[in-house]
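Engineer: Here is what each chain is made of, one letter per residue.
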Amino acid sequence: MENKEGKQEYWRWQEYRSVMPGRNWQNSEIITAGVDVGSVGSKAVVMADGEMYSWSVMRTGSNSSDSAKKVLDWAMEDTGMTAKDLNYIVGTGYGRVNVPMANKAITEIACHAKGANYIWGPTVRTVLDVGGQDVKAIRVDETGKVVSFLMNDKCAAGTGRGMEVIADLLQIPIEEVGKMSLSVTEDPKPVSSTCVVFAKTEAVGLLRKGWSKEKVLAAYMRAMAIRMSELIEKVGCERDFVITGGQSKNIGIVHRVEEILGIKRLPVPNLEQTGLDPVSAGAMGAALYAKALYEKSLKR
Amino acid sequence: MRVIEVITYYGYQDGSGEYYIVIDAEKCNSCGDCIEKCPQGALKMETMFIDLEDKLVAAVTEEQRKKLRYTCSPCKPESGVVPCVKTCDQEAITCIWKPK
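Chains A and B, in that order, are what the protein sequence lines are. Using the working numbering, you'd call the opening residue of the first sequence number 1 and step up by one each time. Using the working numbering, you'd call the opening residue of the second sequence number 1 and step up by one each time.
Hint data in this document are derived by calculation from the structure and do not stem from the laboratory. Fair warning: this is a prediction, and the values are worked out from it, not measured in the lab. We put the CB at the ideal spot given by N, CA and C, even for glycine. Take every hint as true, because none was put in to throw you off.
When the alpha-carbon atoms are kept at most 30 angstroms apart in a straight line, the in silico DSS-like pairs for lysine-lysine are as follows:
| no. | chain 1 | residue 1 | chain 2 | residue 2 |
| --- | --- | --- | --- | --- |
| 1 | A | LYS234 | B | LYS100 |
| 2 | A | LYS234 | B | LYS67 |
| 3 | A | LYS189 | B | LYS66 |
| 4 | B | LYS86 | A | LYS234 |
| 5 | A | LYS7 | A | LYS200 |
| 6 | A | LYS104 | B | LYS27 |
| 7 | B | LYS76 | B | LYS37 |
Here are a few chain A residues that face chain B, going by a calculated C-beta distance under 7 angstroms:
| no. | residue |
| --- | --- |
| 8 | ILE106 |
| 9 | ALA110 |
| 10 | PHE149 |
| 11 | LEU150 |
| 12 | MET151 |
| 13 | GLU230 |
| 14 | ALA292 |
Per label pair, the in silico range of CB-to-CB distance:
| no. | chain 1 | residue 1 | chain 2 | residue 2 | range |
| --- | --- | --- | --- | --- | --- |
| 15 | B | GLY32 | A | PRO21 | 47 to 57 angstroms |
| 16 | B | THR87 | A | ASP78 | 51 to 61 angstroms |
| 17 | A | GLN14 | B | GLU91 | 47 to 57 angstroms |
| 18 | B | CYS31 | A | GLY22 | 48 to 58 angstroms |
Using the sequences plus the hints, can you model the full thing?
Structural biologist: Put into structure tokens, the structure is as follows:
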């Protein structure tokens, strides 16, 4: 993508939205929404009677409450639905306290666990959520409830933001870095830095040494994958294993984590047919909790 | 109803070993004693969402989550006794410190 000066912005990923074909919200009894404002991406999911109706994924701007509003409006665009039609809204994610229209804020851990349970079913036990700014390993039970979780203590390296920085440095569109990193025959030694600023410096050094972009990417992603695998091993990796968050799209990371752990993640469902996008798992969980909370409020 | 523990690990693992403050949300009775006892002010009460209910649970503050290696270093136990762990009579807080 190009910015106003015509300069290509390699880190800039494509925003997207969709409405499930053939589904009519007017006939539904309960309409709920989940809004997940992450540090890099904002996600909104609208559910009609607990089923996917529409969703949207866009970049988080400098103002979380604006981003929350924008992403939800985009999910409802051209559907005839307005905020008034939503029975209950749950906000989650890094900027969850800044979702002004939300009836309630819930931690992203609980929402990702619930969302993963919805996408893949009750067999999911281990969820690796790789977001824009941190990595979380979550153990869940068959109902999608959190059993234990581990927060990454380190900063942006090994996450979506770090990946954007490296894509920009190497001048490779962010959507292609994963595939490109897999084109090396064997992974080189992983970069040693865990801080994205240092990792960038280290990558520059490797390029100077004559390393190809592919090799640098492979070294960076190997380091990221090792760190993620360490987190998972701490909580214990029980089958079935899934990956959510923006980096679930990065096959360079996914393949390496699978290789290190010696376990395959469950495959990602067809997005167009099911609307089940692992990037939006947190927003899905939020929309599901919104339904449960709304039903509970009716019983009172 | 089946009791499920909701356990949170805060900490790190690196060349020096691993260090985690582990908080069990089910055991925590929201008393807040640990917050007062932490010499670094690294703990606070956080709302957790368990079984569609909100519960106040002790947690490491967001700004401290990524620097526990420094924050916790004065308390890092040789004997396994850390103020936050010692003060909790519910045994909701434990500390894992395995130097390499």
